[in-house]
Amino acid sequence: MIQRCSWVANYPDSKLMQNYHDLEWGHPCHDEQRLFEMLCLEMFQSGLSWATVLSKRENLRRRFFDFDIELVASMTVDQVTELLNDTSIIRHRGKIEAVVNNARILQLWHHDGNSLNQYIWQTTQNQTIDQKVSDYHLAPSKTATSEKLAKQFKSNGFKFVGPTVLQAYLQAVGVINAHELSCDFH
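Under the UniProt record's numbering, the sequence shown has 161 at position 161, and the numbering climbs by one with no breaks.
Keep in mind that the hints were calculated from the coordinates and are not lab data.
Be aware that a few hints might be false.
[Claimed, not checked] Derived pair list, reagent style DMTMM-like, types lysine to aspartate or glutamate, alpha-carbon separation capped at 25 angstroms: (1) 159 <-> 31; (2) 148 <-> 32; (3) 56 <-> 86; (4) 142 <-> 31; (5) 95 <-> 82; (6) 159 <-> 66; (7) 132 <-> 82; (8) 56 <-> 97; (9) 154 <-> 70; (10) 132 <-> 184.
[Said to hold, decoys possible] Restraint-style ranges between C-beta atoms, simulated for each label pair: (11) 85 <-> 15: 24 to 34 angstroms; (12) 77 <-> 132: 38 to 48 angstroms; (13) 48 <-> 119: 19 to 29 angstroms; (14) 55 <-> 31: 19 to 29 angstroms; (15) 3 <-> 108: 42 to 52 angstroms.
Note that the coordinates shown come from a computational prediction; the quantities given were computed from them, not determined experimentally.
Cβ atoms here follow ideal geometry from the backbone N, Cα and C, with glycine treated the same way.
Using the sequences and the hints, build the whole thing.
The following block contains the structure:
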């Protein structure tokens with residue numbers, strides 16, 4: 001039997017949550033589009049459960065062009081307004097506008113030869129940090145790394161990227177290994 005992080009047990013009937021844990025969460029990611037998607041999902045999660053975000057993920061992908069940075073950056077005010085009427089996604093104006101804003105910043109970075117991948121992984125010299133967590137309740141909601149990164153992101157004009165969102169993001173994309181020590185995926 002697979003030993004997972006104990007938080008997965010909070011969703012005993014959720015294959016979606018098990019698959020997310022087993023196949024995505026904490027696996028080091030260097031794909032720019034996927035990194036952008038995960039940043040957006042973590043932004044959308046703020047104030048909501050992760051189960052809610054995962055249940056709306058496919059619709060978010062559809063409405064945000066599979067999180068293609070160039071396409072999201074080109075979204076118009078009318079398209080954003082249209083999203084606010086779509087009950088199949090998370091309809092928070094500030095978060096939706098932040099997704100578009102952040103895509104536009106990344107678009108500029110790309111034109112300058114920079115990337116989100118470089119930006120987040122350079123904070124740890126391209127190494128995964130092992131939090132060595134025995135219980136997910138003991139994992140910090142923010143760290144010096146996520147606080148520093150939040151300041152840097154905000155100074156670059158990013159929105160909805162506070163230290164707690166970025167801590168969860170760094171865990172999700174494998175910059176920080178927050179799998180419990182007893183987890184088979186640690």
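Hint by hint, here is what the structure shows:
| no. | hint | in the structure |
| --- | --- | --- |
| 1 | 159 <-> 31 | holds, 21 angstroms |
| 2 | 148 <-> 32 | holds, 21 angstroms |
| 3 | 56 <-> 86 | holds, 11 angstroms |
| 4 | 142 <-> 31 | holds, 24 angstroms |
| 5 | 95 <-> 82 | holds, 14 angstroms |
| 6 | 159 <-> 66 | holds, 20 angstroms |
| 7 | 132 <-> 82 | violated, 44 angstroms |
| 8 | 56 <-> 97 | holds, 18 angstroms |
| 9 | 154 <-> 70 | holds, 21 angstroms |
| 10 | 132 <-> 184 | holds, 13 angstroms |
| 11 | 85 <-> 15: 24 to 34 angstroms | holds, 30 angstroms |
| 12 | 77 <-> 132: 38 to 48 angstroms | holds, 46 angstroms |
| 13 | 48 <-> 119: 19 to 29 angstroms | holds, 26 angstroms |
| 14 | 55 <-> 31: 19 to 29 angstroms | holds, 23 angstroms |
| 15 | 3 <-> 108: 42 to 52 angstroms | holds, 44 angstroms |
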